[in-house]
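Visitor: These protein sequence lines are chains A and G, in that order. Sequence positions in the first sequence follow our numbering and run 1 to 269. Sequence positions in the second sequence follow our numbering and run 1 to 179.
Everything labelled a hint here was simulated from the structure, so no lab data went into it. Incorrect hints may appear among the rest.
A few chain A residues that face chain G, going by a derived Cβ cut-off under 10 Å, partial list only [what the hints assert, rightly or not]:
no., residue
1, Leu122
2, Leu123
3, Pro124
4, Tyr125
5, Asp126
6, Arg127
7, Ile128
8, Lys129
9, Ser149
10, Ala150
For each residue, glycine too, the CB sits at the ideal point set by N, CA and C.
One-letter residues, chain by chain:
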Amino acid sequence: MSDERDPNPGPDRAADSSAASEAGEQPADGYQIKLQNFEGPLDLLLYLIKKKKVQIHDIPIAVITREYLEYLGDRKAINIDREAEFLLMAALLIYIKSQTLLPREQVVDPEVELQRPSMDHLLPYDRIKAVVALLRDKEDEQSQIWKRSALTAPLPDQDLDLVEVSLFDLAESFFTMMKRKQADTAQVFKGKEISMADKTNEIVTTLQARGVLDFLDYLWEQESLEEALISFFCLLELIKARVVIAVQEQLFNTIKVWLRKDTPAKDEE
Amino acid sequence: MTDHLKSVIEALIFISVEPLTLDRLQEVLPEDAAADIELALQQLIDEYEAGRQAIRVTRSAGGHIFSTKPEFDPFVRRLLQIERRKRLSGQALETLSAIAYHQPVTQAEIAAIRGVDSSHSLHTLLDNKLIKIAGRKEAPGRPLLYRTADKFLAYFGLNALEDLPSADELKKLLEEGNS
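All chains should be modelled from the sequences, with the hints used to inform the complete structure.
Guide: What follows is the structure, given as structure tokens:
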């Protein structure tokens with residue numbers, strides 16, 4: 001407490017200054033820092049900070065660096081080694097202080113703090129790796145075992161992987177069929193006239209009975225090209241009116257037609 | 001009497017495309033005691049396993065289903081014209097493992113386990129219906145929670161999630177592997 005250099009004496013401070021005076025006995029030939037609460041070479045200051053004898057918050061680094069630059073400016077010649085050492089220590093000092101000034105993760109958000117413990121319950125990665133190996137074995141094992149569901153539902157990622165087809169897909173299918181049918185029918189009978197309305201009703205009735213129609217097969221079933229053509233237009237109309245839906249199962253590449261369940265258009269009227 | 005019950009169960013499993021559960025069997029066969037049904041079922045399983053039949057009764061996802069024995073895989077593939085063996089990617093499998101052991105789990109937690117972003121794997125798994133979204137976590141940002149779906153069990157031939165080794169068993173496995 002008898003130390004006059006210490007402006008705010010305390011048990012810690014007393015220890016500081018005794019340490020300072022001890023070290024101060026060595027010839028201080030380097031640059032001396034003069035602050036309100038510290039006086040001496042920079043390495044001593046750094047030492048005291050590391051030993052937590054001096055609070056880094058109490059050290060104004062801006063003052064130290066400004067005064068040091070002034071000191072350098074006044075010098076005619078400089079000792080590179082010594083100044084480099086000072087720079088290194090000053091940099092260290094700045095680093096230490098910046099670390100204490102930067103916000104810590106814990107204090108940022110108390111909610112983040114709450115989430116932390118739950119992360120500790122997580123399995124370590126090597127155990128996850130062990131599970132992966134285990135599941136891989138099981139997967140290989142299972143890939144050799146076939147169940148009847150393999151027939152009704154295609155492979156895993158093709159499960160329900162249905163694509164609603166565009167007009168172009170429909171048209172393409174239709175033209176393929178037409179070519180085949182054209183080559184097939186040598187004779188064309190002109191006879192019964194088919195109206196679009198009749199055909200539309202027929203398609204809807206068939207759909208209600210069968211649930212699903214294979215687009216191509218259905219057109220193929222038609223007696224004549226004309227009838228197939230009308231069926232095709234009716235189907236287009238029904239799709240447009242959103243009464244039916246045309247869907248393609250990627251795996252087999254045939255277009256299927258369903259009655260839409262979500263459109264009560266007909267029932268409501 | 002048991003033979004008859006066995007045959008009935010055989011017929012019911014045969015016609016089932018999805019695993020037939022004991023509960024469902026009990027519903028269909030209300031006159032038979034649960035213990036009898038279980039006994040008949042077990043005998044059926046054993047008979048198929050021991051016999052020269054190419055099919056067996058497999059426990060899967062909490063029920064029973066007929067499946068071919070592994071040695072006939074090449075022939076079934078030829079018949080169905082499926083050459084490629086479909087496998088999940090390592091990434092997807094890792095994500096799936098993390099979900100299986102921590103469900104319900106958020107994407108952030110999965111990322112914490114794996115150390116990498118898992119959004120792509122999550123999409124793949126959702127698309128394949130191996131996992132499902134199970135609501136949101138009451139935490140900042142209300143992140144989505146993921147769970148394994150029923151198909152997860154069937155896909156890996158598991159009967160229940162408990163079939164997977166526990167966290168402690170895994171630890172033991174690893175220690176044995178290292179020593």
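Visitor: All the hints need checking, so say for each whether the structure fits it.
Guide: Outcome of the hint check:
1. Leu122: holds (5 Å)
2. Leu123: Given a least distance of 5 Å, the restraint on Leu123/A holds.
3. Pro124: Cβ of Pro124/A sits 8 Å from chain G, so the hint holds.
4. Tyr125: Interface hint status for Tyr125/A: holds (7 Å vs cutoff 10 Å).
5. Asp126: Since chain G brings a Cβ to about 6 Å from Asp126/A, closer than 10 Å, the hint holds.
6. Arg127: holds (5 Å)
7. Ile128: Because about 5 Å separates Ile128/A from the closest Cβ in chain G, which is inside the 10 Å limit, the hint holds.
8. Lys129: holds (8 Å)
9. Ser149: holds (5 Å)
10. Ala150: This interface hint holds because 7 Å falls under the 10 Å limit.
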